[in-house]
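Chains as they are written, first to last, in this note's numbering: chain C, 710 to 945; chain L, 28 to 367; chain Z, 952 to 1375.
If you are wondering where the hints come from, they were derived from the structure by calculation, not from laboratory data.
Every residue, glycine too, gets a C-beta built ideally from N, C-alpha and C.
Some hints here could point you the wrong way.
Facing chain L, according to a computed beta carbon distance under 7 Å, are these residues of chain C, among others [said to hold, decoys possible]:
| no. | residue |
| --- | --- |
| 1 | Val785 |
| 2 | Pro800 |
| 3 | Glu806 |
| 4 | Tyr813 |
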Amino acid sequence: MPLLEMTDIHAGYGGANILNGVSIAIEADEIGVIVGPNGAGKSTSLKALFGLLNVSEGTILFDGGAITNEAPEALVRKGLSFVPQEYNVFPTLSVEENLEMGAYVRRDSFRHLIDMVYGFFPPLKEKRRQPAGELSGGQRQMVAIGRALMTEPKLLLLDEPTAGLSPRYMGEIFERILAVNASGVGILMVEQNARQALAFAHRGFVLANGQNRFTGTGAELLADPEVAKSFLGGGD
Amino acid sequence: MPEAGFLSALPINEFVFFINKVLIGGLIIGSVYALGAIGVTLILGILRFAHFPHGDMMTAGAFFALVCVGLAPHVGDVFGLPSAFVLMPVAMAATAAMAVWLDKAFYAPLRRANVKPVVMVMSSVGVMLMLQGLIRLFAGTGTRQLESGLKDIYRIPLAGRDIVVTQPQLLLFIFTAASVVALHFFLTRSRMGKAMRAVADNADLARISGISIEHVVRTTWIIAGALAAAGGTLLALDVTFKADLSFNIILPVFAAAIVGGVGQPYGAIVGGMLVGFTETLAVFNWSVLLRPLRPLLPDFIEIPAKIAFVPTEYKIVVPFFILIAVLIWRPTGIFKGRSN
Amino acid sequence: MARPSSAMRDVSLFAGLAVVIALVFAWLGTAYGVRMLVEASCYAIIALGLTIQWGYAGLFNVGVMGFIALAAFATVLISFPVNTAFWNGNGPALLFWAALYLVVGVAITYALSRTHRLGLPKSLRTLLTLISAAVTYLAVQGALDPAATVIESEAGFVGGFGLPVWLGWLVGGIAAGGLGWIMGKITLGLRADYMAIATLGISEIVKAFLKNADWLTRGTLTVSPLPWPVPTPDELGFVMARSAYLCVTAAMIVIIYVLLQRAWASPWGRMMRAIRDNELSAAAMGKDINRRRLEMFVIGNVIIGIGGAALITFTSIFDPSAFAPLNHTFLIWVMVILGGAGNNLGTIFGAFLVYVIWIMSEPVALFVFQQMEIWGARLFDWQAPADLHTRALQMRVFVIGLTITLVLRYAPQGLIPEKVMKHD
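This is chain C alone, in the form it adopts within the complex (with noise of 0.2 Å):
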């Protein structure tokens, strides 16, 4: 039974849609990778899985449930945790008061959390009581997932977490990536660096048009001539 199954789903922002039909289903665990052209509807299908926008048409399950068109709020509470691309941080509030923020549903202690987030991000350790706006690219995307890692969340959705990042710091991403992963963590991601995504990909959707166009595991996507051809182009 996957843990998140999202059904032919038709959504926008208000005017035309811009997904017309994806569909996208992961098991307990696993890392999923969505890729295709600029347009393709990747950010927005994260955007209407996490209710920031509305769903028209089409069903999501998660963890048994459906929670088509459900609050934000709701969502975290339920097991789900979403890092935007941008603005993914709070500026002024330090490292450490971004992970509170993030544990802010919790009514538990959670100091044995931030401790986990210390261990999967070093660097964030020694800087925890700098104000997040003043780290590097890199070390801001550390933050951002930590914050969402607070929750404890079954699946975690990352958008482009490694946009705008050198491929130094691209890499050390995407190993603590795994490293979350292997912790027990699902992960959905949108990615640009579709080569190296789908590499550890369990699962991959390539989506165009706001539809799907292949769909497989990372490995067999990979290997695939026609999607390496139209969508996995160079500059990875």
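For this one, chain C is given, so just place chains L and Z on it according to the hints.
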């Protein structure tokens, strides 16, 4: 106690006059501005619009205090404090409740409809008019004393002349200082305080993190309303209560909030003091300080009776110029708040 | 197409308005009725200026009263009879010196502010500019104070130039436009609420200045009677004189309305619409948005100035303290909002409607409160406060505020939404 011979040679008289007029005067008005500016800057930072009715909210708070004092005029006698001060928490609570209700009735629906920022400002101006009308309706246009009987006056003798501080003024200073400390702890140690800072930073991300924007908004109005009531009441205690209190206060309060950096509460306090002291210094009669130099100057030089940068009637110009100067040269303010 | 029914609706709205006005005439008499119409027409002119600023440039001019005060002052200066005592005394000479200091000082300060082009480091330039500005200010103030005292003791105030009234109105409009230009240059790039605060601030300063500069305006002693462009009531009687005035203002409304409609239909107008309806793409096309908005702000202020001057001339008294009440500002705003932002015909309608309601609300409010007083005393033995009547008038302020907030909440487009032209 013998006056020290050395001290009596210095122009102590004028010095004390300066302290009384500028130092203490500036502190008083600065504190009132600060209490108002904290609310305005929080609303600007979290709700993203300029709260024009704030001056009237301060007047409303003073009015609630007036009503309470009318109902229980001798409560203060037990403590040796003005009754208005003892009853101030009631006025603060009433104003906070009113602020929350105003938001629910007039601002929240516009937010939900995603209107342009200008429309929010117009609505707030409409609320300002309503409050003004209501206050004048119930309180009339005359002046009233918030405290019957004489105020306690404390005098600190300094070589022949006294530094004068009245009890209400002392209460104002203490209250402002206490508010600053309390606010600091609230914003840096409490969950809700941090959530407020988070929403001011990035409201979308706050929502994504599961923070209840509604709770944060409500807390903002409660703090803004309570502090506004305190500022208005303490000012009215110092001078008198009149319905026109709000007129001349809204511009300096805006100036203080923007100078200090939008959304920065500490900035609002610094801004309030800055505006307060600049005002007091600008209208101060500097020729008084020049008088001791009289014997040193040749006869033909006359010291004018009044040297002031700005005549008292034009006092309003000072905060306005501060405001324009900040908007042109450093729109993010001293503490680098947001600029848009 | 919706066209015929919207024309029907406009006609019926105006017809309804005419009926209401007729009722007022019946109840309160012709002289009062004409007076109300004249004042309403002046407000209509002011509202037309404001609707340009709001409906087309999206600017919230909270400081409307300040511009009106300035224009009215300019009118008084131009049209009031010459005060020979002033011209014969020492006043003019002293004023000349003060003006000289001002011009020279501003020129030097401006020059200093540009010295960075000569290679002066920025901080030095700022310091020199500030010092020069401060010295200029002190010098001018030092020259003005004795001038003011002399003028006030010798002549009371500067008086006027005795020129025709319509010239005064024109100069008033230009003065308001000029102030708007300065203000706009400084504040137009700012976000909406900052601009609102700035307009409020500047109008407060203008009003404070006019109220306190006794040598210029007689301050709280007021200047009256102000000369009229048509024969005054003393000569023709209330109804005839006021009707003559009404002809003047009505003609002005028609002229301004026609000019505006033609301007909007012209290429310039189409460009303004483009900016208003879709700022982003207009900017992409290279139109300098802020300059256009400045144009509209200034033009709007000119019209506001002319209307304001006409209004004050009609009341025949120039009283700086009368500009203080904020509620007049919002009266005009309600007219614009109710009539539909950017809709000229709707604004005129809104002006008349709102003003009639405002005027009627005074006797109504007094009546209601009087009844409250009577019944309160009978039923509850209630002693009304002595100033109940003034408080009753405050109720009107409450009602304006309520109207604005309710209209904004439920009908943001106003009663007569602007017809959107469809290009197919």
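Exercise. Are C/Val785 and chain L close enough, Cβ to Cβ, to be under 7 Å, as the hint says?
Worked result: 4 Å, holds
For this session: Answer holds if the nearest beta-carbon of chain L is closer than 7 Å to that of C/Glu806; otherwise answer violated.
Result: 6 Å, holds
For this session: Identify whether the interface hint at C/Tyr813 stands, where standing means a beta carbon of chain L within less than 7 Å of its own.
Result: 5 Å, holds
Exercise. Does C/Pro800 pass the interface hint, meaning its C-beta sits closer than 7 Å to a C-beta of chain L?
Worked result: 6 Å, holds
Violated hints for the displayed structure: none, as all numbered hints are satisfied.
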